[in-house]
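Protein chains: 4
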Amino acid sequence: MIQMTLIQIDNYGPWTVTPRPRNESDLQILQSELFADVQRQFAMKKGLVFFTRFDNMLAITNGLDTEDHLRIQRSIRNRYPITISMGVGAAETPHEAQKLATIALQNKGGAQQKERKEILAVDSLAENSENYVQVAHVDINSVTETLTDIESAFDTSFMVNKAQHYLMSKLIKKGGLVFFIGGDNFMCPCNGMSAEEIEETLKELYDEIGIGLKAGIGKGNNAEDAAYMADIGLENIRECNNEKWIDIVEKEYKD
Amino acid sequence: MIQMTLIQIDNYGPWTVTPRPRNESDLQILQSELFADVQRQFAMKKGLVFFTRFDNMLAITNGLDTEDHLRIQRSIRNRYPITISMGVGAAETPHEAQKLATIALQNKGGAQQKERKEILAVDSLAENSENYVQVAHVDINSVTETLTDIESAFDTSFMVNKAQHYLMSKLIKKGGLVFFIGGDNFMCPCNGMSAEEIEETLKELYDEIGIGLKAGIGKGNNAEDAAYMADIGLENIRECNNEKWIDIVEKEYKD
Amino acid sequence: MIQMTLIQIDNYGPWTVTPRPRNESDLQILQSELFADVQRQFAMKKGLVFFTRFDNMLAITNGLDTEDHLRIQRSIRNRYPITISMGVGAAETPHEAQKLATIALQNKGGAQQKERKEILAVDSLAENSENYVQVAHVDINSVTETLTDIESAFDTSFMVNKAQHYLMSKLIKKGGLVFFIGGDNFMCPCNGMSAEEIEETLKELYDEIGIGLKAGIGKGNNAEDAAYMADIGLENIRECNNEKWIDIVEKEYKD
Amino acid sequence: MIQMTLIQIDNYGPWTVTPRPRNESDLQILQSELFADVQRQFAMKKGLVFFTRFDNMLAITNGLDTEDHLRIQRSIRNRYPITISMGVGAAETPHEAQKLATIALQNKGGAQQKERKEILAVDSLAENSENYVQVAHVDINSVTETLTDIESAFDTSFMVNKAQHYLMSKLIKKGGLVFFIGGDNFMCPCNGMSAEEIEETLKELYDEIGIGLKAGIGKGNNAEDAAYMADIGLENIRECNNEKWIDIVEKEYKD
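Residue numbers (our numbering), protein chains in the order written: chain A, 34 to 288; chain B, 34 to 288; chain C, 34 to 288; chain D, 34 to 288.
Hint data in this document are derived by calculation from the structure and do not stem from the laboratory.
Please note that the accuracy of each hint is not assured.
Identical copies carry no separate label here, and so any pair may be met within one copy or between two of them.
[Claimed, not checked] Only pairs whose alpha carbons sit at most 35 Å apart, straight line, appear in this in silico DSBU-like list of lysine-lysine: (1) K78 <-> K277; (2) K141 <-> K277; (3) K252 <-> K277; (4) K141 <-> K287; (5) K277 <-> K147; (6) K147 <-> K78; (7) K150 <-> K206.
Required output: the full structure, derived from the provided sequences and hints.
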């Protein structure tokens, strides 16, 4: 099972314009530092956070328990002008896990209700023996040569966003998720999807919009291990000149 | 004229996998802290940076000269394991400005050429008397009520990304740019576009995908002032219950 | 036993002036961000880091093992232009523990030897059943009323430094350590010292230089718990109008 | 004239223990990140901040005006759970400048008065034509060989603190200041002191406690330039094997 956590800034929208709109640069710094900060804390226990919408972040958190989450909430409260609430859910697919996490938190009140503050709503946690994370690290073939060094920076960004939109549309139907992680890279939690399904998805996308993607697929007991295995898979594909669509690597745990 | 700067991490892709893939959480922290850092430095002079692809960031930099850029490059070199190159361009439209900035940098070598390091390539700077920035701060109507508090976190993220993709497709044709700035918010540099064109764009998008957007439009001599005016415009629309599509506010400078 | 870790930036001095002196402000930012960063990582496992000399930091690390230390070293390598080496030692007194940690690292080479890089030298680790931390949180009585709001900022700083110097001179002889933690506060690891010895030290110091100190003394299995108990002790003294010199609080662990 | 700014966290002491003591690691992170943050902002305009007591920081701020200070205060308010007040003063000696800055702020209320919040109290600013900063960058001769690689980390730290205490005692009488900047380094604003006085001070200190110091002395129109010149001076002394006590370098400004 994959365990996911939704991290939501409490009552953030209203705060950004009270008493009058706060400087956009300050908000951008606040958001990205908050992301870096929770990332570092979750990463200490082998979790992985995606910035998502910044005021709402999603994380793979297999191996982290209730106390771990509470400690992170407290740490943020002590150092930021805002607080965060969290929902946690575990399920067979990433989409289901984040949905359970979201519902658990929504049941405690709306994101902009003043009285809802620093909630930790746990729908379910993955048992130790159940921990299983599958992620695909997807990138665009030869992006530097075909886009970065040729097109304008914004046009490249547009193409990357286009790839993301189509990839999201396809994976969401199969229980998978897509997170942009910078450059031309996407991290896709995809428990429950077979290698064939993933390869098929990339081929479809290429046929539809002409953007060639490849996917290193990693499996492990936690986000860190799975993501690292996915990176190894991606390197394997690069080494054979992108002649494969996908490559799967599974972390072996010694007894 | 709007002046834009492309900020590019030198030879970043290869670095992330040398000698073997670096931890994804570390890369995420590095990228978001670098963004926060350059943001703070550009913001001291009323510039505004967009994270774009993180390894390639775009910024509105009216009012910053060559020395300002060099100081930021040096500051990054002293505190990060990577260096940054920059291109700068000024033009009548944001798309043209970032294109000039990109070309200036591309002419100095590719993003993954080892010998290209810490380049500052200035195509053009806006003269003091020419500084003029127009940005639209766009958000989704009632996103908390219709998405955040009802849909799963990822589904909301998908809808926001969808809005971004369609908005990008439309504005890019008119010389405008779209940057996601978190939540359900986009900042769109749009020098040269009329209020009617912007309103028309939002209406078209609503007809096509059913997502209702509004835009506060701000004008000023630099990014900070223009963005703040755009925020005021957005507040004006909220105060009249989203009954308007757009609202324009122009910063008046006293002699 | 108390376990202490020495964290040393590799070959830092030469780096700061190569190829020419780096901007002092950049070095200050680098050092303080590095300190904040390792602090956050050690704190995730209930350790506590003191900035000490910034290029050499000391930490109480009961509960952290070899892998925890290695992960922190790797994380720093991935995000900073410098690397860190560490030595670890466990002993009955803090002074002895940091000495073992230092010797272990010194045996691997000098701080400015180019070939010595990212060493982890473990002299000894405290067993789980042996973990025991005693710290005194010391502050100056009524510093705001008698110094901050009356004297110049530098003169207050001078008085605080003076108190530190005398406190260091006294505690070092008894196996204790003193770390400035901001304001008028010192954190003093003091395993092996009795309450009477600590009280006696504060009285002596008052007789010699006329600065009145108080000490909350905390005991626990790790730095976080011990420091928190010490804070509670300090609050207890404040509540009785500083009429006591010391107050001891011990964390009780439930089975 | 040298211009100095006192940066004080508003009502910080009470905040750290409300509603109960906050985690020491969180406070350490908050303080050091705040320092790094204001440093980066002041440094953009060639100022230089010293961490001093962290809740009270002193900065050399020649070249920064009232608006610059206000912008920094606002930026901090938007991103931290605390706010900062500032006092600014300009005088012929650093001690007098920081005293004027302190008095200006003290006149607006005590550091722990709840109603005093985000004050900017300007006693005086240095005129452009008057800007003049003299700083001595002082370090301990051969500290790595004689202390770091031989003594325990804490004993070295004790020696450095001892040197600081004696240096402070001496310079304060002559209108100079001493700030520890990490390692074995001190930055000493010393407008009004002659080279002979500084050399004499170092010799006295060596006679009294046997610690050999050297000083690069820099002069410029702002903190950045003066500190850089001081670094050059220090390099000059190292190049002649520490055979000189001091070396003076003055920045020349071209018309």
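We went through each hint and held it up to the structure:
Taking identical chains as interchangeable, the C-alpha atoms of K78 and K277 lie at most 35 Å apart only when both belong to the same chain, with a minimum of 33 Å there against 42 Å between chains. When the C-alpha separation of K141 and K277 is checked against a cutoff of 35 Å, the pair qualifies only between copies, where the shortest distance is 33 Å, while the shortest distance within a copy is 46 Å. Taking the shortest alpha-carbon separations for K252 and K277, only the intra-copy value of 19 Å comes in at or below 35 Å, while the best inter-copy value is 50 Å. In this assembly of identical chains, the alpha carbons of K141 and K287 lie at most 35 Å apart only when taken from different copies (31 Å versus 41 Å within one copy).
In this assembly of identical chains, the alpha carbons of K277 and K147 lie at most 35 Å apart only when taken from different copies (27 Å versus 51 Å within one copy). Proximity of K147 and K78 under a CA criterion of 35 Å is satisfied in both settings, with 31 Å inside one chain copy and 32 Å between copies. For a Cα distance limit of 35 Å, the shortest separation of K150 from K206 inside one copy, 33 Å, qualifies, whereas the shortest one across copies, 43 Å, does not.
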